[in-house]
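**Q** These are the residues of each chain, in order.
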Amino acid sequence: MQLTNRAKKLEKKPMTLAERAYLPAIFQGLSITMRHFFMKKATVRYPEEVRPFSNTFRGLHVLKRDEQGRERCTACGLCAVACPAEAITMVAGERKKGEEGLYREEKYAISYEINMLRCIFCGLCEEACPKAAVYLQPDKMAPPRYERDEFIYGKDRLVEPVSPDERSVRGIQLTADQATTLRARIG
Amino acid sequence: MIELPALGWQSIVIFVVFALSLLIATYCTYAERVIAAFLQDRVGPDRAGPYGLAQPLADAVKMFTKEEFFPGGANKALFVFGPCLAMITALMSSAVIPFGNIMNFGNNLFFLQGIEVNIGMLWVFGVVSLGVYGVMIGGWASNNKFSLLGAIRAASQNISYELAMGMALIAVLMISGTLSLRDITLQQSVAGEWHVWNIVKQPLGFIIFLVCAFAETNRTPFDLPECETELVGGYHTEYSSMKLGLYLFSEYVNIFVVSAVMSVLYFGGFNFPFQYELRDWFVSSQGWELASAQNLITLLGTVGLFLKIFAFIFFFMWIRWTLPRFRYDQLMRLGWTILIPLAVFNIVLTGGLILAGVI
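Chains as they are written, first to last, in the working numbering: chain A, 358 to 544; chain B, 5 to 363.
No lab work stands behind these hints, which were simulated from the structure alone. You may find that some hints are simply not true.
Cut-off 16 Å, straight-line C-alpha distance, at most; resulting in silico cross-link-like pairs (EDC-like, lysine to aspartate or glutamate) [unchecked claim]:
no.: 1; chain 1: A; residue 1: 398; chain 2: B; residue 2: 45
no.: 2; chain 1: A; residue 1: 421; chain 2: A; residue 2: 483
no.: 3; chain 1: A; residue 1: 398; chain 2: B; residue 2: 50
no.: 4; chain 1: A; residue 1: 421; chain 2: A; residue 2: 517
no.: 5; chain 1: A; residue 1: 421; chain 2: A; residue 2: 484
no.: 6; chain 1: B; residue 1: 149; chain 2: B; residue 2: 281
no.: 7; chain 1: A; residue 1: 421; chain 2: A; residue 2: 462
no.: 8; chain 1: A; residue 1: 397; chain 2: B; residue 2: 45
no.: 9; chain 1: A; residue 1: 453; chain 2: A; residue 2: 463
Now the in silico label distances, taken between C-beta atoms and shown as ranges [to be verified]:
no.: 10; chain 1: A; residue 1: 505; chain 2: B; residue 2: 71; range: 24 to 34 Å
no.: 11; chain 1: B; residue 1: 233; chain 2: A; residue 2: 359; range: 32 to 42 Å
no.: 12; chain 1: B; residue 1: 46; chain 2: A; residue 2: 538; range: 51 to 61 Å
no.: 13; chain 1: B; residue 1: 18; chain 2: A; residue 2: 381; range: 42 to 52 Å
no.: 14; chain 1: A; residue 1: 378; chain 2: B; residue 2: 163; range: 22 to 32 Å
no.: 15; chain 1: B; residue 1: 92; chain 2: A; residue 2: 386; range: 33 to 43 Å
no.: 16; chain 1: B; residue 1: 294; chain 2: A; residue 2: 382; range: 49 to 59 Å
no.: 17; chain 1: A; residue 1: 381; chain 2: B; residue 2: 44; range: 17 to 27 Å
no.: 18; chain 1: B; residue 1: 294; chain 2: A; residue 2: 393; range: 43 to 53 Å
If you're wondering where the values come from, they're calculated on a predicted model, not measured in any experiment. The C-beta atom is built at its ideal place from N, Cα and C for all residues, glycine as well.
Same shape as in the complex, but just chain B (with noise of 0.2 Å):
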């Protein structure tokens, strides 16, 4: 057990990871505007700055000088409290993801991770959860039957989706047999021993996993909460100004969180192949020290780990582009009668393998 490192050191790593969510969420928007564009043989936004990379700034600006509109017969705390929640949920969740393994600094250890705890997988999956209730919360204060059927359609989406979800990772955590994100990612790493990515071993529940992040995040072809030819805007239609902002930015926010999550379980995390033979290499043939060698292979993985993060950022947006919508009832069908006993076999899989002493 290394010891924890210096909670001044946590609180650095936890502002650097919520500056980063917030600035790859504000790029997100503009990355979607453009792969949009790329995707329909359109440029996309490259107006502002160059290659319009200013985009998401004078979208901040549109959206704070806009007019603060509270709609007749809303709860107005609540009102102000929907979009604020979803926001802080989806911020809160990103605070246990092992971004890179640890530094080594004349013997201090540094952990590139906010917080290491050895329930992390839960912690996301408890915020995660809770962020359903800033949209319900929002689609209800809202007075509006549009807001308010949109508010009970992502709920009801993100709880039979997270059944699913949950029996996924319960797959994972059968063979990793903790919790910890960063155990999950050091098992699929050891040195001086051939180890494979969860993806191998879990190609069934990935794919669950996948499917099921999409419909957590609100994200095409689970959209429904925000169906415009149905809903007008869903949850937000009466969300105006920043308010409006912060739904959709705790999309994006989402999104990053769950690439990382994916990336974590399944992908590796901040792990590279042949990481321990580049570090090897320099510490034989280079005369490196152990340590600087072992930071410099941190410092790639986490190059790594944002590689595989924002690999998942542009399929949710690929994705986004080419599918359409699902209805409401196939949506549901597909949760519960589908992803869910394909759960459940996948849990039953990996249990007769485990035994059987495969993986």
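Isolated chain A (complex conformation) (with noise of 0.2 Å):
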């Protein structure tokens, strides 16, 4: 019966000797391997070697200060919102009177953690944010622990450090070329 006019009709034909003999399909199969041998390989060496990110990669989270070093962060609470995964719990608190260089605003986030194995880095977080604090970072990823605890980023591990130098201390260390060509790159 036949369905469609595309269909083929194969014949079975007897193999030559040459197939019979299997000799030449071996010294084929044999040149295939060997062109593989002198490939490029795929392989990325990876602590040595790190493969390019993309420079819309989003990465670890990162909670920014604003130009004076204070936190942007006013625990609106949008991003916990925002978030498909419900990775983001946060404590709001008000700032005291004295705290007006570590804090933008009068609300602030007494703790901000968020659960980088629940994490689907989407994004939304960033997008949410009325006040630019956090953003996902193109150049660390999130590395491997041994114990699930260690992967619910707190305040410590996520708020920007003052000095600009200290940033890469988290996530994946990148070496100083490599930090350096990639903020060339991302500009």
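With the hints as a guide, bring the two chains together.
**A** Below you can see the structure in the form of structure tokens.
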């Protein structure tokens, strides 16, 4: 029964002597594998060689500071609401007198935690943030850890250090050269 | 007839050959992984040491520190004896292989060969076919049906292919007229005469021998005794720790030995082209003594033999990562209905050519 007009009639021809002898096919196969022997290898030797990230890569989060080094986050909770994976939790607190140099607004996050095992790195928190406080860095990933609770990143690991030189201390450590080239490429 | 060298020298050579076989087998495990990786566009193990060269050590430590497991109902003594026998037989066969010609130190002649006997080839065959007992005993003592099936496969495969292999060898012996591996080597290059390696006289025989060598060492495409898709792990399913290591190791030692045998039988052993011309050149235009020139040629020949062996080992691995494994009935059909008749035809052909005075 013919179902379509694209059906191809195949004939099973008897094998030729060369095909039956099997040796030509073996040499053909050997030449193919030998070609692969000299091909460029697909492997990236990871810790020594870092595969370049895309400049829109969404990696490890950072809580930014403003120009005067104050935390931008006001613990409004919009990021937690936007988060589809429910990875973000925070506790809001009121800024006290004398803390104006630490927090930009009267309200701030006493604790701010992101569970990197839940996070899907979609970047919706970054989009939701009205204060431009949370960002997904393009050059860092959450590194492997032995314990699950080590994946819950608190403010100690999320907030950007005051001095810019201390960046890249957390997350995947890039060498100075790699960081420079990446920053230059990202602009 | 050159008088036999002292027993002390022989034991030194045997010890060196023993150590070399182990070393080469060790690095075969590394080479296998690297070659496999390269043929598949990967880079292979490169973490342990520079270029991963300490990887065999790491593997050995892993093997030695793993749990020793004895399956219930296994015959303990035979279970231990199996891998030992496989290893012993693999190591024994390299004793008669001539790794080099004669060294001459102050009119004392030293063979670069463990034992020079006039039945060298017979010794290799005898010992190598004992090796299948290691597999059989191990597979049977495991008290596991997969192990037993693997062992049965190994036994029948080895017996089938040994026939064709032996007959391919007979054609070589018809030309050489001797079983001594040293004499076979020397015949492939005689000073002052134009001699060629046996591969030119025995191309068909070589192909038969090569195919059978793959089957004898249980290598792909004939690795049905350890065919993991059908038999879990084959004869070493129940083995763990260094007992498994010995089985895997003996396979590599066997590859080394069979590569050496093929180099000696068909590729001129320690001979290399223009060796006599090179020796004479050292004597005539460099003013060397004949003995020291000969010693240099001997050393170069040993290096050459090892290069041939390594080329064969590479070929074994290259084939392994190219060809899929045969089905068992295909394997048997190839052995009995193709290789054996071809080998008989090769004998007849060789006989005819000898009668005609061509070779």
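**Q** Sort out which numbered hints this structure fails and list those numbers smallest first.
**A** Of the numbered hints, 6, 12 do not hold.
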